[in-house]
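Visitor: The hints should help you fit chain B onto chain A, whose structure is shown.
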Amino acid sequence: MAKVPKPAELIPGSLRQTPAKGWMDVKPDLRPGTYVNAANPKWLEWIDYPFPRAWNVKDEDWQLPENWKELILQGMEDRLSRFRSLKVFFDICVRCGACADKCHFFLGTGDPKNMPVLRAELLRSVYRRYFKKAGKFLGELAGARDLTEDVIKEWFMYLHQCTICRRCSLFCPYGIDMAEMTLLGREMLASIGVNIDWAMASVAQCYDKGSHIGATPQAFKDMVDFLAEENERITGITTTPSYNRKGAEILFVMPSGDYFADPGTFTMMGYLLLFEYLGLDYTLSTYAAEGGNFGWFVSHEMGKRLNAKIYHEAKRLKVKWILGGECGHMWRVCNQYMPTWWGPVDFLEEPVSPITGTRFENAKVHKMVHISEFTADLIKNGKLKLDPQRNAHIKLTFHDSCNTARGLGIFEEPRYIINNVLPEGNFVEMPPNTIREKTFCCGSSSGLNASENMDVRMQGGFPRANAVRWVQEKYGVNHLGCICALDRATLPTLLQYWVPEMEVTGITELVGNALVFENEIERTTDLRDRDLVGVESEGVEAAEEAEEAE
Amino acid sequence: MDFFKRHFLVALFAVLGLVVVAYVGAQANLQILFGVIVPYLAALIFLEGLVYRLIQWARSPVPFRIPTTAGQNRSLPWIKRDLGEQLDNPATFKHLVGRMALEVLAFRSLFRNLRTELRKDPDNPEGARLIHWSYKWLWLGAIAFHYAFLVVILRHLRFFTEPVPLPIQLLEHVDGFFQFFVPAVYLSGVILVVAVLYLLARRLTNPNLRYISLAADYFPLLLILGIGISGILMRYVYKVDIIAVKELALGLATFHPVVPAGIGPIFYVHLFLVSVLFAYFPFSKLMHAPGVFLSPSRNMVANNRWVLHVNPWNYPVKFHHYDEYEDRFREAMIEADIPVEKES
Numbered sequence: 280m281a282k283v284p285k286p287a288e289l290i291p292g293s294l295r296q297t298p299a300k301g302w303m304d305v306k307p308d309l310r311p312g313t314y315v316n317a318a319n320p321k322w323l324e325w326i327d328y329p330f331p332r333a334w335n336v337k338d339e340d341w342q343l344p345e346n347w348k349e350l351i352l353q354g355m356e357d358r359l360s361r362f363r364s365l366k367v368f369f370d371i372c373v374r375c376g377a378c379a380d381k382c383h384f385f386l387g388t389g390d391p392k393n394m395p396v397l398r399a400e401l402l403r404s405v406y407r408r409y410f411k412k413a414g415k416f417l418g419e420l421a422g423a424r425d426l427t428e429d430v431i432k433e434w435f436m437y438l439h440q441c442t443i444c445r446r447c448s449l450f451c452p453y454g455i456d457m458a459e460m461t462l463l464g465r466e467m468l469a470s471i472g473v474n475i476d477w478a479m480a481s482v483a484q485c486y487d488k489g490s491h492i493g494a495t496p497q498a499f500k501d502m503v504d505f506l507a508e509e510n511e512r513i514t515g516i517t518t519t520p521s522y523n524r525k526g527a528e529i530l531f532v533m534p535s536g537d538y539f540a541d542p543g544t545f546t547m548m549g550y551l552l553l554f555e556y557l558g559l560d561y562t563l564s565t566y567a568a569e570g571g572n573f574g575w576f577v578s579h580e581m582g583k584r585l586n587a588k589i590y591h592e593a594k595r596l597k598v599k600w601i602l603g604g605e606c607g608h609m610w611r612v613c614n615q616y617m618p619t620w621w622g623p624v625d626f627l628e629e630p631v632s633p634i635t636g637t638r639f640e641n642a643k644v645h646k647m648v649h650i651s652e653f654t655a656d657l658i659k660n661g662k663l664k665l666d667p668q669r670n671a672h673i674k675l676t677f678h679d680s681c682n683t684a685r686g687l688g689i690f691e692e693p694r695y696i697i698n699n700v701l702p703e704g705n706f707v708e709m710p711p712n713t714i715r716e717k718t719f720c721c722g723s724s725s726g727l728n729a730s731e732n733m734d735v736r737m738q739g740g741f742p743r744a745n746a747v748r749w750v751q752e753k754y755g756v757n758h759l760g761c762i763c764a765l766d767r768a769t770l771p772t773l774l775q776y777w778v779p780e781m782e783v784t785g786i787t788e789l790v791g792n793a794l795v796f797e798n799e800i801e802r803t804t805d806l807r808d809r810d811l812v813g814v815e816s817e818g819v820e821a822a823e824e825a826e827e828a829e
Numbered sequence: 244m245d246f247f248k249r250h251f252l253v254a255l256f257a258v259l260g261l262v263v264v265a266y267v268g269a270q271a272n273l274q275i276l277f278g279v280i281v282p283y284l285a286a287l288i289f290l291e292g293l294v295y296r297l298i299q300w301a302r303s304p305v306p307f308r309i310p311t312t313a314g315q316n317r318s319l320p321w322i323k324r325d326l327g328e329q330l331d332n333p334a335t336f337k338h339l340v341g342r343m344a345l346e347v348l349a350f351r352s353l354f355r356n357l358r359t360e361l362r363k364d365p366d367n368p369e370g371a372r373l374i375h376w377s378y379k380w381l382w383l384g385a386i387a388f389h390y391a392f393l394v395v396i397l398r399h400l401r402f403f404t405e406p407v408p409l410p411i412q413l414l415e416h417v418d419g420f421f422q423f424f425v426p427a428v429y430l431s432g433v434i435l436v437v438a439v440l441y442l443l444a445r446r447l448t449n450p451n452l453r454y455i456s457l458a459a460d461y462f463p464l465l466l467i468l469g470i471g472i473s474g475i476l477m478r479y480v481y482k483v484d485i486i487a488v489k490e491l492a493l494g495l496a497t498f499h500p501v502v503p504a505g506i507g508p509i510f511y512v513h514l515f516l517v518s519v520l521f522a523y524f525p526f527s528k529l530m531h532a533p534g535v536f537l538s539p540s541r542n543m544v545a546n547n548r549w550v551l552h553v554n555p556w557n558y559p560v561k562f563h564h565y566d567e568y569e570d571r572f573r574e575a576m577i578e579a580d581i582p583v584e585k586e587s
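Listed in order, the protein sequences are those of chains A and B. Residues 280 to 829 (my numbering) make up the first sequence, in order. Residues 244 to 587 (my numbering) make up the second sequence, in order.
These aren't lab readings, by the way, just hints derived from the structure by calculation. Beta carbons are placed, not taken as given, at the ideal position from N, Cα and C, and that holds for glycine. Wrong hints could be hidden among the right ones.
Said to hold, decoys possible - Between beta-carbon pairs, the in silico distance windows are:
no.: 1; chain 1: A; residue 1: GLY418; chain 2: B; residue 2: PRO410; range: 42 to 48 Å
no.: 2; chain 1: B; residue 1: ALA271; chain 2: A; residue 2: GLY418; range: 32 to 38 Å
no.: 3; chain 1: B; residue 1: VAL553; chain 2: A; residue 2: GLY526; range: 36 to 42 Å
no.: 4; chain 1: B; residue 1: ASP484; chain 2: A; residue 2: GLU356; range: 51 to 57 Å
Same shape as in the complex, but just chain A (with noise of 0.2 Å):
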């Protein structure tokens, strides 16, 4: 990792600075630490994407096919047949400005192209040139552009400084989305061999092996094992659980992140804990072993092809239904595009719970439930014993991800959750201009989440580093509560270097602390070996008392 400049280097001086030139006059500033390198063509190699070469983002030849510009314009117009949202949000901007500081890319570099309005118009100024007359004519006036290298070269710095988190769609009086304008330029741009290696490593490790991380079926038996182990040393429970076992009653799709590196594998210590606690007839699969997609980071075919597996197994495996873990863009595909590339999902049974008995109608069609849906259910029907002072040491706050939020609207289950496996108190929310459906992203989602970008990707996590730090010293919040892997990638990096001192959770991992199993060893440290706070019996009859008081 580059060494990253100082927080007082990075933020921008003001939001308010535009340069003397005109937009379209400004060519991209292709830095060191705000772009993440071109994709290795090995990846796309795997993948059949197209034009493989080995090429550098610093080059000023990028060594695009000679037909590029017909690519990106048969691209465009194929696209505008395909997608009513690409045409309506090319048309009906007013450049009202409502989405410019709402962006945090905006608010962490101060760059005007990061203003939704004016990303969107690196890509609608070719449009008008291409596809509406006034833009043929007119030209400039029009707000019209020639296709140049230098404005493929804009595109992709740009729509990687984009997250595909839809907090401008949210303000936009039109709902015009940047994450669908982002998405499909990348698909153009990904038309012509112009990729980034981060999200096309990752993505073609999944294709190929099964999870982003590129764990054989072997490796991600292993780690989920190593984990299950250090849950027995823990708390004396055995929860290794059974991996691609046909006729379980559900498969656990988790995303990669989860069993692949610290904090987001104490997450999936809690899902194994939960579920041994209950003894649910579930199955791993190590082919389906990803439920992240950066597939649909790239493209809405990359995304089907990815996604593919996990009806593919449960059909195989012949479940019952599919229980998720906690991720956010995960969890945006699988509400919104998942069962629109298979449907309709006639092999699967529109889920209850085994415990409860609670039907989730809500996930009729597509049958899958998400875990906190799953695990507030079960708090609210008294199946868990909880003892909320394991969390003692958590003071926590609560971030909404950015596809939770605004691709789904999952806001209550998990401070559901929350308020019952923390003591009372121990739990503040961000101020509210920050959280739930106005929540910031993370800054490093969609694909972005490399190391060789790391200026930008602590600009974009700025503005919610800095909401972060307003609980920090006004209530001594230590952790960071989510319910995306992603977030657990990212965050930890982002608050040590905007936040020190701040801890990231799942909030699986504290219900696993929370978990009261009756021949449990004596429980001395939570899931990552840090001390409790007290005496354990204490805590159970506060729990206890707590309950009754409900």
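Guide: The following block gives chain B in isolation, referenced to the frame of chain A:
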């Protein structure tokens, strides 16, 4: 000349040019052209253009159901959602209608608007902090502008109807309630001009907005400002023969156009600018009005988990099939005690 000046001045001179054209035309006795032919042509372009654009949009399908969810989704029955959340994350068609109605009639999303600023803060290592606060001025300006415009348009129906329907008379009465001038000042006209000036001023004074604004943003504002000012001048300063104007308007409305003599040129300026606005509408950003109804992030029910949405161009894709996967990893899987389909 820089980008901003080019775009602003082109729009300004375009509108001034239109004023001059109409004024000269009226002086040169081209009343038939500016009083009849141009308005009819504008109406025709408006209607045809509008239909054409709507068909253009509608021809592209909506492959995925992608509402922007702005509240708790419908999940477990005991998770309570207040009406606001039910509308912001609509689970039923009824609630979707509510969401769209709020969006179109009350500018819901704009009402949510915040302002975020970077303030100096020496206590932070970076020397600054972001603060966010509710910022309703843009909402207020927009809503004042649109409703004032609506009232003005409805009020003008008195020229096209005989007898004037009661609701229009009432509207006129309410609009002219503040009788501090003779003739009574219509509040809507004043609000319209003030709101347009606000919208224009923010575009000109906010550096970010000035940076992104195109001629296509200034032109409609200046055009509407021109319409407002010419209308106000006509009513309060350079008075025109109102009976003759009504005669002309009724003629247009009943397809028996007449051009009464003696209507001042300011009227033709006003009418010409209105005609241009109508003709310009379908080819401009003003299409945001019908467009908001077609915006997939707003006009879709958030029910994708329990109602199947079909993509008309959904196609099969190549993916890594389980059989290939097992073929490749079989030995390792067997060794790791992972069940396989075929033992060898």
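Visitor: Going through the numbered hints above, which ones does this structure break? Give me the numbers in ascending order.
Guide: 3
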